[in-house]
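Undergrad: From first to last, the protein sequence lines stand for chains A and B. Numbering of the first sequence is given in the numbering used here, commencing with residue 1 and proceeding in unit increments. Numbering of the second sequence is given in the numbering used here, commencing with residue 109 and proceeding in unit increments.
Hints in this document: simulated from the structure, not taken from any laboratory. Nothing here was measured: the structure is a model prediction, and the numbers come from that model. A portion of the hints provided could be inaccurate.
[Stated by the list, open to error] Computed list of lysine to any residue pairs in SDA-like fashion (alpha-carbon distance at most 20 Å, straight line):
(1) A:K103 to B:V197
(2) A:K103 to B:A196
(3) B:K186 to B:S204
(4) A:K54 to B:V197
(5) A:K103 to B:E152
[Said to hold, decoys possible] According to the in silico footprint, chain A covers these stretches of chain B (three or more CB under 8 Å from chain A):
(6) 133-139
(7) 155-164
Glycine is no exception: its CB is placed at the ideal position from the N, C-alpha and C atoms.
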Amino acid sequence: GIQVEQSPPDLILQEGANSTLRCNFSDSVNNLQWFHQNPWGQLINLFYIPSGTKQNGRLSATTVATERYSLLYISSSQTTDSGVYFCAGLYNFNKFYFGSGTKLNVKP
Amino acid sequence: GAGVSQTPSNKVTEKGKYVELRCDPISGHTALYWYRQSLGQGPEFLIYFQGTGAADDSGLPNDRFFAVRPEGSVSTLKIQRTERGDSAVYLCASSSLAGNEQFFGPGTRLTVL
């Protein structure tokens, strides 16, 4: 298997601030997803991004597959962005390995 | 259906009992995954089906855990002789093909007393 490291583990932001979350992989992954887990436990898909950069509103993600990391950018954060953010890497075209998450708290 | 559904949403059982957790994937998705999430951790892979067959069950913790997908759609995760350490949220996900984008259900919270 692979190890997935997410940083920071915890993050507190004032509403309106920007942030960058990072995900490192111990080995090459075939694909990568970012999720937001809301307070009710539902995992919401943010990005499916094996390489390159994608943007969706205030969120964007960049994956540099050759260097085994991905970044999630949140701009102009809102209180509704609070929750836990997970990245997951697909290994051997078979199963996804998750990191331990970044717990984000956006204060009004 | 529109999304992945899981039943029950909550299950409380006593140590030693048998439980079944059900997952209904997105219609037409051939790949189905089961994960287990403990408090403060990311989801941990249990088993993956491609169609009716278990393509990888390397994440099942021991032989008390078993899963089936007899018709290539609905899947059932079965846990025998439950232990308190089995308490967790069990998540199911499906994708159109193995390795494609996964979509998760809301999970079943299992509590073993």
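Undergrad: Look at each hint and say if it fits the structure.
TA: Structure-based check of all given hints:
no.: 1; hint: A:K103 to B:V197; result: 18 Å, holds
no.: 2; hint: A:K103 to B:A196; result: 19 Å, holds
no.: 3; hint: B:K186 to B:S204; result: 24 Å, violated
no.: 4; hint: A:K54 to B:V197; result: 30 Å, violated
no.: 5; hint: A:K103 to B:E152; result: 18 Å, holds
no.: 6; hint: 133-139; result: violated (count 0)
no.: 7; hint: 155-164; result: holds (count 3)
Hint compliance for this structure: hints 3, 4, 6 are broken, all remaining hints hold.
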